[in-house]
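Line order of the protein sequences matches chains A and B.
Position one of the first sequence corresponds to residue 0 (numbering that gives the first Met the number 0), numbered consecutively onward.
Position one of the second sequence corresponds to residue 0 (numbering that gives the first Met the number 0), numbered consecutively onward.
The reader is advised that the hints may include incorrect statements.
The following label-pair restraints were derived from C-beta to C-beta distances [as the list claims (entries may be wrong)]:
{"hint": "1", "chain 1": "A", "residue 1": "127", "chain 2": "B", "residue 2": "333", "range": "58 to 68 Å"}
{"hint": "2", "chain 1": "B", "residue 1": "123", "chain 2": "A", "residue 2": "110", "range": "53 to 63 Å"}
{"hint": "3", "chain 1": "B", "residue 1": "162", "chain 2": "A", "residue 2": "16", "range": "31 to 41 Å"}
{"hint": "4", "chain 1": "B", "residue 1": "275", "chain 2": "A", "residue 2": "514", "range": "39 to 49 Å"}
Simulated from the structure, these hints should not be mistaken for lab results.
For every residue, glycine included, the Cβ atom is placed at its ideal position computed from N, Cα and C.
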Amino acid sequence: MIFLAAAQNPFLQFPGGAKFAIGFLALFHTSVGSLAIGFAFVVTILQLVGYVRRDNQFDRMAKRIQLWHVCIYNIGTINAIGLVFALSGLYPQFWSQIFVQFFWTLIIEEALFFMLALTLTFHYFFWDDLWGHKKLHIFLGALLTPMFFLQFAIINGMSAYMLTPGFSEGQVSQWSGTAGILGWDKLAFYNPTFLMLTLHRAAANFAYAGFIVAAVCGFEIYRAKHEKVLSWNERGGRLSFKIAIISFLSLPIVGFFYAWVLKYHGKEAYENLMIGRGDVVAGGIDWWWVKHLIVATMIGMGLMFCYRAAKYRREFRVPMTAVYALSFVYLMFYVGMGAQMTWKFFWVSLAAAVFGGMLCIHLLNFHEGSGRAVFLLMGILSFFTVILGGYAREASRPRFVSPSGERLKGFNRIADYDNIYRSEERAGNVSMAMLRGDPDYIEEVRGRPQQLTIQPETPEDLISSRCISCHTLQRAFRPQGSEEKWDRVVGRMHAYGTRLTPQEKKIVVQHIWEKEQVEKAIPADPGGMQ
Amino acid sequence: MDLPVIETPVFPRWVWMEEITYSHIPIATLVTAFMLLAPLFEYIGYRWGKPRWDRLSKSLIWFAMILFSPGAALGTGIPMFIIGTYPEFWSRWANLFFWPLIAQFMFFLAEVFFLFFLYYLTWDRWMHRKKLHITMGVCAAFFGYLVQIVWDSLGAYMLTPGGVPLPGVDEPVGWSLAAMLNPSFPFLLIHRTFGNFSYAMMLTGGVMSLRFMGQRRKDPLSENTAYFKWATKTCFTIGFMCFFAMPVIGWFYARVLQEHAPIGFLAMMGGHVTDYLTIKMMLISVFLVIGGTYVVKQNNSKALTAAITLGLLILLVVILRHPPLDYFGGWWRPVSAGIVILFIAWLWLNKGRGDPNRTAWQYAIFIAGLAAFFTFCLGGFIRERMKTPDTVYGEIVKPEWTDVEADRYLVYEKWIHPLYKTPTELDRNRPDSWRVAVQQARQDETVTLTDTEAETIINYLEANH
Numbered sequence: 000m001i002f003l004a005a006a007q008n009p010f011l012q013f014p015g016g017a018k019f020a021i022g023f024l025a026l027f028h029t030s031v032g033s034l035a036i037g038f039a040f041v042v043t044i045l046q047l048v049g050y051v052r053r054d055n056q057f058d059r060m061a062k063r064i065q066l067w068h069v070c071i072y073n074i075g076t077i078n079a080i081g082l083v084f085a086l087s088g089l090y091p092q093f094w095s096q097i098f099v100q101f102f103w104t105l106i107i108e109e110a111l112f113f114m115l116a117l118t119l120t121f122h123y124f125f126w127d128d129l130w131g132h133k134k135l136h137i138f139l140g141a142l143l144t145p146m147f148f149l150q151f152a153i154i155n156g157m158s159a160y161m162l163t164p165g166f167s168e169g170q171v172s173q174w175s176g177t178a179g180i181l182g183w184d185k186l187a188f189y190n191p192t193f194l195m196l197t198l199h200r201a202a203a204n205f206a207y208a209g210f211i212v213a214a215v216c217g218f219e220i221y222r223a224k225h226e227k228v229l230s231w232n233e234r235g236g237r238l239s240f241k242i243a244i245i246s247f248l249s250l251p252i253v254g255f256f257y258a259w260v261l262k263y264h265g266k267e268a269y270e271n272l273m274i275g276r277g278d279v280v281a282g283g284i285d286w287w288w289v290k291h292l293i294v295a296t297m298i299g300m301g302l303m304f305c306y307r308a309a310k311y312r313r314e315f316r317v318p319m320t321a322v323y324a325l326s327f328v329y330l331m332f333y334v335g336m337g338a339q340m341t342w343k344f345f346w347v348s349l350a351a352a353v354f355g356g357m358l359c360i361h362l363l364n365f366h367e368g369s370g371r372a373v374f375l376l377m378g379i380l381s382f383f384t385v386i387l388g389g390y391a392r393e394a395s396r397p398r399f400v401s402p403s404g405e406r407l408k409g410f411n412r413i414a415d416y417d418n419i420y421r422s423e424e425r426a427g428n429v430s431m432a433m434l435r436g437d438p439d440y441i442e443e444v445r446g447r448p449q450q451l452t453i454q455p456e457t458p459e460d461l462i463s464s465r466c467i468s469c470h471t472l473q474r475a476f477r478p479q480g481s482e483e484k485w486d487r488v489v490g491r492m493h494a495y496g497t498r499l500t501p502q503e504k505k506i507v508v509q510h511i512w513e514k515e516q517v518e519k520a521i522p523a524d525p526g527g528m529q
Numbered sequence: 000m001d002l003p004v005i006e007t008p009v010f011p012r013w014v015w016m017e018e019i020t021y022s023h024i025p026i027a028t029l030v031t032a033f034m035l036l037a038p039l040f041e042y043i044g045y046r047w048g049k050p051r052w053d054r055l056s057k058s059l060i061w062f063a064m065i066l067f068s069p070g071a072a073l074g075t076g077i078p079m080f081i082i083g084t085y086p087e088f089w090s091r092w093a094n095l096f097f098w099p100l101i102a103q104f105m106f107f108l109a110e111v112f113f114l115f116f117l118y119y120l121t122w123d124r125w126m127h128r129k130k131l132h133i134t135m136g137v138c139a140a141f142f143g144y145l146v147q148i149v150w151d152s153l154g155a156y157m158l159t160p161g162g163v164p165l166p167g168v169d170e171p172v173g174w175s176l177a178a179m180l181n182p183s184f185p186f187l188l189i190h191r192t193f194g195n196f197s198y199a200m201m202l203t204g205g206v207m208s209l210r211f212m213g214q215r216r217k218d219p220l221s222e223n224t225a226y227f228k229w230a231t232k233t234c235f236t237i238g239f240m241c242f243f244a245m246p247v248i249g250w251f252y253a254r255v256l257q258e259h260a261p262i263g264f265l266a267m268m269g270g271h272v273t274d275y276l277t278i279k280m281m282l283i284s285v286f287l288v289i290g291g292t293y294v295v296k297q298n299n300s301k302a303l304t305a306a307i308t309l310g311l312l313i314l315l316v317v318i319l320r321h322p323p324l325d326y327f328g329g330w331w332r333p334v335s336a337g338i339v340i341l342f343i344a345w346l347w348l349n350k351g352r353g354d355p356n357r358t359a360w361q362y363a364i365f366i367a368g369l370a371a372f373f374t375f376c377l378g379g380f381i382r383e384r385m386k387t388p389d390t391v392y393g394e395i396v397k398p399e400w401t402d403v404e405a406d407r408y409l410v411y412e413k414w415i416h417p418l419y420k421t422p423t424e425l426d427r428n429r430p431d432s433w434r435v436a437v438q439q440a441r442q443d444e445t446v447t448l449t450d451t452e453a454e455t456i457i458n459y460l461e462a463n464h
């Protein structure tokens, strides 16, 4: 009956809406995919430690993690297929159009994906067969990490483009970067946040996987009945935890620059995150805040754990100077966030960190120095940070549907968020340093001293002085056919870094186009005498 | 939505498409066949108390696990490649089958969950809870088969849309029961199911024969040697016997195609795809002769030989009804009947004779397994090529169609279909002048053609026949 009813009523909306469906699938995929990338790294470290120390326990643990890896790898793969299907059905225009820019990158990503699957399969299923060739085996496992990084850099190029299209907003990269190759747009790929997103996610993946491995060790310690198993998991958990905490503490360094780039290239997204509006706030809760409170709790716990571990001089100690230095960066990051958002955020975060630290001490004391509870808790919290981080990044983008969620024709981009929830406790002066277009004072700002002492007086001078720094003038006058095309070419040059004010750009375009028209009117000299 | 079609380097778009697809399909079909058979073998081992069946079952699943990740990774590449190179087709097709695709994704997820977590990882742990373990295997197989059902339905639609049009990109449909239950869907599903069993087990038998030789060299009397000898015989015999269902299902499948995709049917039965079909028949002959002889020698069973005899007789009936063979003339029927009867006699003479465990026989059945594999691949290739230049039969033409393909389609549709049984008759009954023949047919009103169509058909026929 249900099927018949569905057949009568052809198109069914996803429960929760299309946006929810994509969000759910994407976050599910991210949480699994990130774990897979991190697992590859942790497995290599464990194998190396086992090999160097001639300790099979680490190798056994690496094998076990690689088995989880194989299992979750397939879940992630299938989830990606679901995401592709859902995107092509629910957002057909977006999904098809993005292939015009990223087809070849996605094909390369797929090829890498296949090679990864082969390497991973071979590495795990022939573990024992390659026992006599341990170096080769470790090398194979180590290959997974760079391959994963290449693959995920490609996906990051696309994801970062969705948040900061960069020059594409000026309709430049839609055609310029392709250079005659459909499916590859280098300007779109190397968009402003590409590098920051890749670095941030790389460190986050290592941290996430390390915490999850430690969490599983913590879980096994709870279940362990034999002292040997207990000790084995405790050691494995500590090593994974240390890998994770170093990666985790390096995140704000990248995060700061990421936010900086976002501020100028994804202004609305940045504002949405900082002010707490748009989809960042759902159900009356600012999930960006929640994520950072969890992170603050984790910092407190991680810091105390490292402190205690150093105090008792157990193995796999992390230099505390590095931990303190990185924690200071974290503190500065939160100070900056407080200044941008509200100081209330800073104080609550600090309280969360202190709470985390105290909880850690309590849990370590309760378990007589064993990290089992800390491992487990940090694993769970890191999962939530990954989910919430991904959610906040996606939700920060301006909406393309009405606030009530109805589909509207065309883009329907809503630039004005007046009717959307905004938390009242946020700093009132928050918009002071945020740019929405050119600020009023831009004309008053004194320009930096120009290197050129001679100001161009004619359009010819202007073209000569600005264009020949990169190419010959002959190239600058290659016919384009229309003023519109010239406008795009000059726009692209501007995107490449040519210094031109809007007025100068207009002059250049007009002049070149007029020159082209004049040359077109002169008949070609058949003898080539001229 | 006006989307550019992305060009591919080195080879045309369709070659890349087929290569990517054919790299995925054999892996997926092997995994599905193994998943369906493994719980059955495990159950047999459990009921009969024979650990060899359990070992065979576990090794099939182990191999499926190895194949799974690369197969799934290749599977994700297929929609990616289609979206870029066939954007209009994908947008419209995925629009029509949105919910089946989502359902397929969920089945796939459930399959992995049962296969990995509850079947493979629990094999030793649940050694004493066999019933529960087999149930998990059945669940994995069930979801795996559901995935196959969805894909066969969607694939069958591309050849026999059954009157359900492809919707526009901006006409959200979601799913269509009529499109899913299209005319050739049940036949394709059954044909592929038995095809999977048959080729997967014959190929496995072939691979096991190599393992058998390797073990025999190491230690002829070891348990491993005995196991691989048994596994070779068992797998190959199962695969070989499954094959005999194929001609019967195939005959009905072809009938449906004749009715619902007549141009495709003509392409296969005497048209431009016939050569591939002939190669496929030759490959079938290879594994029939080698496999049949091996099976009767190895098993020495009257019942089994009688079953093979029955299967061969059914195959003979199908051969005699095979339209392209008319091309050879009337002598072909008694000759083919004679060959089959002689082969049956050969099988009865060889029953239980000789030593099928000799090295030469092991290589021979490995070759037979490979022949079965290529037969399977060629079957898929023919199914796709027979609808050229369409991507979905009668609904959407592929972007890289050529004039020759379009003209040929017109000739099949407007000239051969109303007048002849097969395209081979164009050469056999060639008139003195195609122009006169076409004009005559138009006057007699046996064909309905516009002037342009008539001219195109005449030019094509004069150039090619």
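- Item | List of violated hint numbers, smallest to largest | Violated hints (numbers, rising): 2 and 4; every other hint is consistent with the structure.
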